[in-house]
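Peer 1: What follows is the residue order along each chain.
Number of protein chains: 2
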Amino acid sequence: MIQVIKIGGGILENEASREMFLRQFAAVEGPKVLVHGGGRLATTMAERLGVKTQMIDGRRVTDKETLDIVTMVYGGLVNKQVVTLLHTMGVNAIGLTGADGGWMKSVKRPIKNGIDYGYVGDVIEVNGAHLHRLLDNGLTPVIAPITYSAEGLLLNTNADTVASQTAIAMAEAMRREGDEARGNVQLTFCFEKAGVLSNPDDESSLIARITPDSYTQLKADGIISGGMIPKIDNAFAALQEGVQTVRITHASNILGGTIIELI
Amino acid sequence: MIQVIKIGGGILENEASREMFLRQFAAVEGPKVLVHGGGRLATTMAERLGVKTQMIDGRRVTDKETLDIVTMVYGGLVNKQVVTLLHTMGVNAIGLTGADGGWMKSVKRPIKNGIDYGYVGDVIEVNGAHLHRLLDNGLTPVIAPITYSAEGLLLNTNADTVASQTAIAMAEAMRREGDEARGNVQLTFCFEKAGVLSNPDDESSLIARITPDSYTQLKADGIISGGMIPKIDNAFAALQEGVQTVRITHASNILGGTIIELI
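Residue numbers (the working numbering), protein chains in the order written: chain A, 8 to 270; chain B, 8 to 270.
Calculated from the structure, these hints are not laboratory results. Every residue gets a Cβ at the ideal spot worked out from N, C-alpha and C, and that includes glycine. Mixed in with the good hints, there may be bad ones.
[Said to hold, decoys possible] Restraint ranges, calculated between C-beta atoms of paired labels, are given here:
id	chain 1	residue 1	chain 2	residue 2	range
1	B	GLU158	A	ASP228	48 to 54 Å
2	B	GLU184	A	MET62	53 to 59 Å
3	B	GLU158	A	PRO117	44 to 50 Å
4	B	ALA215	A	ALA23	55 to 61 Å
5	B	GLU248	A	ASN144	52 to 58 Å
6	A	GLY145	B	GLU248	23 to 29 Å
7	B	ASN191	A	ASN144	30 to 36 Å
8	A	GLY159	B	ALA215	32 to 38 Å
9	B	GLU199	A	GLY159	21 to 27 Å
10	B	LYS226	A	ASN144	42 to 48 Å
[Said to hold, decoys possible] Think about it this way: if two alpha-carbon atoms lie no more than 20 Å apart in a straight line, the pair counts; the simulated SDA-like pairs of lysine to any residue are:
id	chain 1	residue 1	chain 2	residue 2
11	B	LYS238	B	ASP129
12	B	LYS71	A	LYS238
13	B	LYS115	B	ASP70
14	A	LYS112	B	GLY145
15	A	LYS119	A	GLN61
16	A	LYS115	A	ILE131
17	A	LYS71	B	GLY145
18	B	LYS71	A	ASP167
19	A	LYS238	A	SER212
20	A	LYS200	A	GLU20
21	A	LYS71	B	GLU26
22	B	LYS39	B	ARG55
23	B	LYS200	B	ARG55
24	B	LYS71	A	ASN21
25	A	LYS39	A	MET8
26	A	LYS71	B	ARG25
27	B	LYS238	B	ASN206
28	A	LYS39	A	ASP167
29	B	LYS71	A	GLN61
30	A	LYS71	B	MET52
31	B	LYS71	A	LYS226
32	B	LYS59	A	MET52
33	A	LYS71	B	ARG55
34	B	LYS71	A	ARG25
35	A	LYS238	A	ASP64
36	B	LYS112	A	GLY145
37	A	LYS112	B	LYS71
38	A	LYS59	B	ARG55
39	B	LYS71	B	THR95
40	B	LYS71	B	ILE118
Please construct the entire structure, taking both the sequences and the accompanying hints into account.
Peer 2: Next comes the structure, spelled out in structure tokens:
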């Protein structure tokens, strides 16, 4: 089995939680890929540099200066610090953006209804075989949420999307090559809750497993609602495209949490 | 032949000279590696962030904040911009620091005579085979001058040294593996002069070729002096360690300039 594990930037900003998370990641057996978010460090850096953060409907607009900051902070600082720490834990990590090896291509998001998010990428093409080759060489990719376009732009990209697209492309590359020996792809999202909860205020109310049938029922009963719905919809979309299982779990428990699968 | 080409950060800071240089680099045939310096962008960024640059004998002291800036600017911004531009020129570039794949290890420079340069790395171990594997996969490494230590530190490292150590390690890996088919390693330093000049003020006074014998004579005659001597000494040191030829040339003419070789 190949594990694609996504961690939010917030966890990596605090030295103690970063260490705790990376030790767990290092202990995961078999081939694995880490996708990290950015967190608030880019916002802090923008403030220090006097660059104003513009938001539309709660979403950051990435102007040219913000893009440079995102590239520096996520693609440089956060990525290289994680890579270096993983080496001290015996993991032969290699940091990547989508541009490194040209494996994750995007287009600059078109202006829609007069809203221009700026240098934001919508993923259009992913070369999963590139990551398989790195894994075959004993390397563990550590991916920053930055992609690139055919025109030579770097583009700020949602880290959850990068993680899903990575897992889908790796599954797809295996299918295409008829390479059953590698096993399946599992996609894990680590966040600040124990997993999908039947009571959002009770960390012990974990739903251990969700299938299409149980999901329909959980939504009908109002047990799953709000912001969790797009997360789970995205999980099922990844499963439809060949990922074997999706896990949603707390960053301190990356082999636990909720398992989402088709059957 | 494998080409290891070093370009100073200054050339990359100007969009026109960057484009001109990268187009030439893209046109170089066969397997190749690019090592880039940092330039003044880190100093500019430090000024904007209000971080004081401390110098000892004309050399920058890398404190923790400066190291973070160097990691962001060289390992993030400059490196990823170069990688992305090379993709638009048909080069499948992959950006690396020494930590990515753990291939260039250093130690934090010890305090000597009371002088502490801070987070500066002295290279101790280079895995040339890592770069050969990337080349074998059709990738072109683009290397930022940052290395890492076994303790998990990122370390600011002289870009000329990174280039020499890269070329030496690649030659050494080929020798060890008895891999003659790959050919030889050529190391090229691009800078702001046509090459080694017999008259520093006359760009047409290029010395096309230097060997140990001619070097002794050129020094005795006072034709080569000053800052060029350590450069050429370093070139000969690389040749002694298995690099086939060293070239010193202008950034606008990367296949020209002065060739230095043992025979």
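Peer 1: Checking one constraint from the list: CA of LYS71(B) to CA of THR95(B), max 20 Å. Satisfied?
Peer 2: Not satisfied, since the Cα-Cα distance of roughly 35 Å exceeds 20 Å.
Peer 1: Given the hint that LYS59(A) pairs with ARG55(B), test it: the Cα-Cα distance must not exceed 20 Å.
Peer 2: 15 Å, holds
Peer 1: Would you mind confirming whether the straight-line C-alpha gap from LYS71(A) to ARG55(B) stays at or under 20 Å?
Peer 2: 17 Å, holds
Peer 1: If you draw a straight line from the CA of LYS238(B) to the CA of ASP129(B), is it 20 Å or shorter?
Peer 2: 18 Å, holds
Peer 1: Is it true that the CA of LYS71(B) sits at most 20 Å from the CA of LYS226(A)?
Peer 2: Violated. LYS71(B) to LYS226(A) sits at ~50 Å, over the 20 Å cutoff.
Peer 1: Check whether the Cα positions of LYS112(A) and GLY145(B) lie no farther apart than 20 Å.
Peer 2: Distance of about 18 Å is within 20 Å: holds.
Peer 1: Run the distance test for LYS71(A) versus ARG25(B): straight-line Cα separation, threshold 20 Å.
Peer 2: 19 Å, holds
Peer 1: Does the structure keep LYS71(B) and ILE118(B) at a Cα separation of 20 Å or less?
Peer 2: At roughly 16 Å apart (the allowed maximum being 20 Å), ILE118(B) and LYS71(B) satisfy the hint.
Peer 1: Under the criterion that the straight-line Cα-Cα distance not exceed 20 Å, is the pair LYS238(A), SER212(A) satisfied?
Peer 2: 18 Å, holds
Peer 1: Taking 20 Å as the top limit, are the C-alpha atoms of LYS39(A) and ASP167(A) close enough?
Peer 2: Measuring from Cα to Cα gives roughly 16 Å; hence the hint holds.
Peer 1: If you check the beta carbons of GLU158(B) and ASP228(A), does the distance land in 48 to 54 Å?
Peer 2: 53 Å, holds
Peer 1: Is LYS71(A) close enough to GLU26(B), meaning Cα to Cα at most 20 Å?
Peer 2: 19 Å, holds
In terms of the numbered hints stated before, the structure departs from hints 5, 7, 12, 17, 18, 22, 23, 29, 31, 37, 39, listed from lowest to highest.
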